[in-house]
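Take a look at the letters that make up each chain.
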Amino acid sequence: MAGPLEQFEIHPYIPIEIGGVDLSFSNSAAWMALATVTATAFLTLGARRRALVPGRMQLMAEMAYEFVANMIRDNVGDAGRRYFPYIFTLFMFILFGNLLGLIPGSFTYTSHIIVTAALAVTVIVAVTGIGFAKHGMHFFSFFVPKGVPAPMLLMMVPIEIISYLSRPVSLSIRLFANMMAGHTMIKVFAGFVVPLGAATLGLGGLAPIAMNVALTGFELLVAFLQAYVFTVLTCLYLNDALNLH
Amino acid sequence: MPQFDSTTFPSQLFWLAIILVLFFIAMRSNALPKIGGALEARRQKIDDDLDRAAGYREEAEAAMAAYEKALAEAAEEAHAIQREAAETIAAKAAERRSAVAARLADDTKAAEARIAAAKMPAIASLEDVAADVVQQAAAKLAGVKVSETDAKAAVKSVLKETG
Chain A
40 MAGPLEQFEI
50 HPYIPIEIGG
60 VDLSFSNSAA
70 WMALATVTAT
80 AFLTLGARRR
90 ALVPGRMQLM
100 AEMAYEFVAN
110 MIRDNVGDAG
120 RRYFPYIFTL
130 FMFILFGNLL
140 GLIPGSFTYT
150 SHIIVTAALA
160 VTVIVAVTGI
170 GFAKHGMHFF
180 SFFVPKGVPA
190 PMLLMMVPIE
200 IISYLSRPVS
210 LSIRLFANMM
220 AGHTMIKVFA
230 GFVVPLGAAT
240 LGLGGLAPIA
250 MNVALTGFEL
260 LVAFLQAYVF
270 TVLTCLYLND
280 ALNLH
Chain B
-9 MPQFDSTTFP
1 SQLFWLAIIL
11 VLFFIAMRSN
21 ALPKIGGALE
31 ARRQKIDDDL
41 DRAAGYREEA
51 EAAMAAYEKA
61 LAEAAEEAHA
71 IQREAAETIA
81 AKAAERRSAV
91 AARLADDTKA
101 AEARIAAAKM
111 PAIASLEDVA
121 ADVVQQAAAK
131 LAGVKVSETD
141 AKAAVKSVLK
151 ETG
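Residue numbers (this note's numbering), protein chains in the order written: chain A, 40 to 284; chain B, -9 to 153.
A couple of the hints might just be wrong.
[What the hints assert, rightly or not] Covered by chain B, according to a simulated footprint, are these stretches of chain A (three or more residues, beta-carbon under 8 Å):
hint : stretch
1    : 69 to 82
2    : 86 to 93
3    : 208 to 218
Please keep in mind that the hints were generated in silico from the structure rather than gathered at the bench. Idealized CB from N, CA, C, for every residue including glycine.
Bound conformation, chain B alone (with noise of 0.2 Å):
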């Protein structure tokens, strides 16, 4: 067999050795590292795309929570708005209720006070009439004089009885 055939030893060990060497040489500083940046870049290209991915969603979840607070406080700003404006107009309906109430009681009172002021000179006046129908018809059916003064108590104190 050609392959125990000593004499090829030291010839195939030398260019082995060479050509080995070389081979190394040329692999670790060229080809590897070549093909190990491609696979380098591609593996961060893809991490930081994925970063970037995940940072996009945080904003937009970010976005989204804004959102929702504003919604929120624009609610609840509508919301106050309206009881105030609730507020405000049961006050003012209270007020006026009250104005209207209190002006009613004050053409009440004067009212009452204007019928209680042509109360007293009519009474007056009728007592007059009854004191002087009370005089003329003492005298003419009775033919008794009464002065004027006596007619008066006379009808003042029929007045009282009857109330």
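One chain only, chain A, in its complex shape (with noise of 0.2 Å):
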């Protein structure tokens, strides 16, 4: 029997090693190579038509596009406009290893901290970028509270500092843990099956079965859900260097 946390290993398929560092093409790798290519044959396929009255893949395609355009205009206005290449493809990249990541046998990349950890920081250092790029040195007025009276500043300007420095943080393992969470769950009943079966003459087998059938499909929505959450928070935090609030 497998451990909950064995579906976390790494394996490397293709092993390489440049200059005494393990870059292997494990299936960690493979997996996210999968997903961007099934998302990629999602969208195209679906695009591909082009019809004034679109099918279902069209659809969906432009469910997702507009979906993301939406987001983006809503939380970040006009201005947010240009990213939204870049904001689609996270949401896209996320949501297609969440999903995937809910097939049985399968590896879920947005399970670990150092991908949730280098799309966060990514997130924010590129937003930061922007923010000093559009605003230049009056970008640092962001962490002075407006309205605040001059002792208070002393402490209010470290707070929202900290508070800005614990965004990548916050982001990346939020991400992390509600993904690790959902399948270290589902694999603990269902490590309950074969015990419970055993002792009971299978008929105890079927509890597990029925909370992890509850279990995926609340996890479907943990997938989706938490993409979107990725994605809006990408969209504010893009806000708030665009606008400086």
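Dock chain to chain to rebuild the complex, using the hints, since each chain is given by itself in its own frame.
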């Protein structure tokens, strides 16, 4: 019996080592590739015919497109339109990673803190860079809340800075923890099926199976929701950088 | 936990970077323009159709206005023709009436003249007859011989007295 955490292990498929650093093409990389290929196929096949009245595939591709486009319009406004391809890529990458990870036996790259941290740090660095590019040194006024008396600022400014710096931490841990916890739960309940079944002539095994059916449905929701949350927070951070609330 | 095995970090970051960049290129250069193009084309088509529909409606309204104008003009023209005809008829009737009246007046005058012309000789011959009667009556009754001129003068004076 595999343990609940065994599903998160990295197995190199093609061992590569450059300068003493292990850069093997592992199951993680393979599922990243599979997810992006699937997403690209889903979107390009859907948009292939460009029909005036869309079919099912085209409608789904267009829904994904408009979902992210509306998210940017609502949270950032017109200024965010030029960042649409980046945010859309991010959303699709996380969504398909989460969804494909629900296939039994697959690997969920979004359940690895190093992947989510890399995504979150990239977002924060990019957003901060955009803020500086747009506002220059004025960007620091973001850390000085308006209408606060001067003595209070001594306390407020450090809090604002800590809050800003903790954004990538919360962003990456939220996604990582959600994915890992969900998959671990499913695995734990799956582990009950055989022992319980063996003790009760097979009938007891039905309870954890039913639980797993419900959990899988719930995890589908979480997979979408976490991709949405990650993306919408990216939009909010981008809005902060562009508009310095 | 396998997630905290830092020996896997470089390979995951390495492949994450490569795959994410490739995915981004595929999205930006291929998938997104296609989907966005289809959405834009649809929006364009709907807008065009709405514009065309609005154009047709304007045309229909213009045609309706032209029709109503033509109708009003025709009605006015008909009124004008009717009025003109009525005026012409009235004028002709008045002309005829005055012509008839003039002719009647002429006829009356001519008849009066004829009557007057007929009256004079009748009166004159009446005087002669009266004078003759006076002469003969005077001769037969009184045995007085009255000359013709005296008889005529007497008749004339009597006629004058009686009018």
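Quick rundown of the hints versus the structure:
Coverage of the stretch 69 to 82 of chain A by chain B holds in this model, with 6 residues showing a Cβ closer than 8 Å to a Cβ of that chain against a need of three. Residues of the stretch 86 to 93 of chain A with a Cβ under 8 Å from some Cβ of chain B number 6, which satisfies the need for three, so the listed coverage holds. Check result for the stretch 208 to 218 of chain A against chain B: violated, 1 residues qualifying (beta carbon to beta carbon below 8 Å, three or more required).
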